[in-house]
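> Using the sequences provided together with the hints, build the complete structure.
Letter by letter, the chains look like this.
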Amino acid sequence: MSEAVAVTAERATIADFARVFRRIQAEVHKVIVGHELAVEQLLSALFAGGHVLIEGVPGTGKTTLVKVLGLVLNLSFNRIQFTVDLMPADITGTRVILSGDGRREFTFQPGPIFCHLLLGDEINRATPKTQSALLEAMAELQVTVSGTTYPLAPPYFVMATLNPIEMEGTYPLPEAQLDRFLLKVRLGYPAERELVRIISSTTGPDEAGIEPVFAAGEAAHRIEELKRLVREVMVAPAIEQYAARMVRATQPDNARILGDERSPVKVDAVNRYVSFGASPRGAQALILGAKVRAMLDARANIAYEDIEEVAAAALEHRLMLNYAAHSDSVDASAIVDQVVRAVRAARD
Amino acid sequence: MYLDPLVFLATGVAFALIALAGSATAVRSAWRGRMTPMRAAAIADQRADLKGRLATVYALAPNLPNSSLWPYLIEDTYGARNSFEPSRIEPRWLSQSVYALLAALVLAAVLLPRVIAERLGGGAITAQGGSPDAITADINDLDIRPADPALAPNAEIYADAATLQRLQERMAQEQAAGGGALSKLMDRARSLAGALQGKIDGRPSGPQPPVRMHLTDRGSANGSGAPGSNKPPGNQAKTDGGGADTGNNPPGSNQPPPMEASSPPDDELAGKSGSQQGMNPADSKGADGDSSVASGSAQGASHGSGSDPSDLFGDPSAQRLGNDSFKIAIDAEPSDEASGPGTPGYLPPKVRVAINPQQYPDEPLARALVPPADQMTIKRVFER
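For the record, the sequence lines run as chains X and A. Its first residue numbered 1, the first sequence is counted upward by one per residue in the working numbering. Its first residue numbered 1, the second sequence is counted upward by one per residue in the working numbering.
These aren't lab readings, by the way, just hints derived from the structure by calculation. Keep in mind that the hints are not guaranteed to be accurate.
As the list claims (entries may be wrong) - Covered stretches of chain X, going by a simulated chain A footprint (3 or more residues, C-beta under 8 Å):
id, segment
1, 10-22
2, 230-240
3, 298-305
Virtual Cβ for every residue (Gly too), placed ideally from N, Cα, C.
Next up, the structure:
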């Protein structure tokens with residue numbers, strides 16, 4: 001009897017996850033026209049406890065998407081416009097001298113990094129030193145300033161945008177930092193039908209009425225609950241092996257760091273165009289992203305299809321391509337697509 | 001019931017392909033049938049579209065996972081039990097690979113009565129007294145086609161004059177009909193081979209004369225040697241592969257090749273390999289006995305060594321010079337430096353190339369009577 005009650009409660013919890021997820025999507029799409037997959041991947045990264053890198057040409061709604069998400073989730077939201085003269089202290093905060101009661105003392109002034117949702121706009125315009133100021137916060141949810149560590153309040157979700165076409169005077173993100181983003185979301189130009197809707201919804205007098213999904217005081221708590229629920233999704237050993245094999249298949253045979261073991265799945269494009277493949281964080285991203293997808297499908301287990309669906313967003317930005325790839329105009333998405341097909345064929 | 005050779009060949013190839021495909025399918029099925037419970041669960045997941053529920057339950061059940069969703073997963077999977085019942089996962093009682101066997105058995109059952117009936121009623125070819133050396137064949141059921149030049153004659157046919165006359169008529173009909181599909185295919189194959197060889201040898205490639213079948217009379221060929229003379233039935237006749245005929249005839253000539261010199265018994269109809277006809281008679285060790293051609297070849301050989309002044313002078317050539325084919329003899333010692341000790345070296349095959357019918361025979365210089373006053377001058381020229 002008690003087990004039946006527990007099952008009923010968990011069924012309701014899983015249903016609640018899907019309901020909340022879909023409602024957030026619906027609210028975001030009141031403003032964001034199209035980009036359904038991008039919004040879903042963004043929310044998947046949020047509930048999987050990761051961070052997301054958003055890449056898109058100017059005017060495709062990157063910043064708007066993140067701002068709307070902050071409003072819908074009803075969480076504290078900060079935005080940092082990365083420029084070349086931005087310093088790490090401008091992000092993390094610094095100690096300033098405050099005077100009061102006849103005394104002057106150093107007091108820590110928190111930077112914009114202290115929030116729940118952080119938008120790093122055009123992150124590749126800042127120097128690597130400034131970019132690296134985000135590393136500790138993203139990985140460990142804490143910030144160290146002048147020897148003092150300050151924890152960040154969960155949920156903590158970094159959304160960084162990249163502009164892939166204006167590369168003059170930019171600093172491409174180092175691989176170590178790219179690896180810390182759970183998923184990479186691509187925003188392309190909207191279709192004509194979507195463009196018409198954008199024009200009609202943004203040039204009139206009416207503004208879209210966005211309603212927060214969570215109440216102000218409970219948003220962080222509810223999101224953390226849902227994140228824990230995602231972690232409860234079970235993974236069969238065969239699925240874990242499938243994800244591991246997919247990550248191994250992104251690594252070329254000639255990589256010096258691979259060691260003696262070679263991937264059983266050979267992909268010609270990987271050996272030809274990839275210098276370094278995905279790291280173990282890539283496998284973690286595959287599993288976590290797949291768990292969110294399983295929850296949305298009201299399942300407590302991951303299927304092979306979940307891994308394949310999330311592979312592009314989880315692995316593309318983790319592949320370090322060589323000069324041959326740039327010469328042949330081969331991008332990471334095509335290589336990941338080949339990897340997925342090869343690993344699937346090896347499974348069958 | 002006998003199939004035409006071409007149909008038989010095509011049918012055999014088709015059956016072989018089907019058998020290979022069936023074998024591959026059977027091996028694959030057997031490999032997949034090497035079933036483990038985990039594999040069975042995965043297949044059931046796939047066929048029932050359970051998205052891995054069953055396999056996850058089976059894999060995690062031995063060590064209960066520390067997840068609050070485990071009861072939910074069990075109930076969720078159990079709720080879908082109707083979708084992975086055996087009757088829905090594997091609705092067939094028999095493997096599909098059995099159908100091929102059943103089809104073969106049905107086909108055999110259909111054909112068996114006809115085969116038995118033909119065996120009992122006697123076929124077109126029957127062995128006399130059970131001996132395979134003596135076979136009586138119905139002339140109306142014979143499938144006549146040119147002999148493969150690569151094959152040696154392996155049968156002798158004995159018949160009365162009327163039968164041979166009918167056989168001759170049949171051969172004429174076959175020749176008029178173009179020899180059938182297989183014969184055309186062989187003609188095309190020979191043409192292709194000739195064109196390739198012509199490219200290798202540098203000869204101009206052109207349309208090859210068609211393969212001709214003909215009867216020859218060995219008895220009258222001894223002495224008279226009149227080509228193309230068809231003896232009346234009762235004399236020895238020979239079917240000849242036409243591929244080598246082209247080597248004996250000048251371009252555009254419709255004359256049959258020269259007769260054989262040997263004289264087997266009458267009423268003998270011997271299939272003769274065309275390759276022997278096409279060979280240089282000097283190389284056939286006198287088997288065909290064309291002495292005139294052989295001596296002509298010898299003359300050409302002696303005159304061919306024109307750089308030796310000692311062979312320049314002599315009696316004028318009275319015989320016909322030249323030959324309608326030539327031979328390339330390779331006398332080089334085989335050497336294979338790459339092979340190890342004890343490894344037999346590569347022995348190059350002897351190359352005999354039939355002359356192109358459109359090419360004029362390579363005739364050596366004929367001897368002529370040289371005045372004694374000019375002999376010294378000519379000798380000096382060749383000694384230079």
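> Check whether three or more residues of the segment 298-305 of chain X sit with their beta carbon closer than 8 Å to a beta carbon of chain A.
holds (count 8)
> Count the residues of the segment 230-240 of chain X whose CB lies closer than 8 Å to any CB of chain A, then report whether that count reaches three.
holds (count 8)
> Counting residues of the segment 10-22 of chain X whose CB is closer than 8 Å to a CB in chain A, do you get three or more?
holds (count 3)
When each numbered hint is compared with the structure, no violation occurs for any of them.
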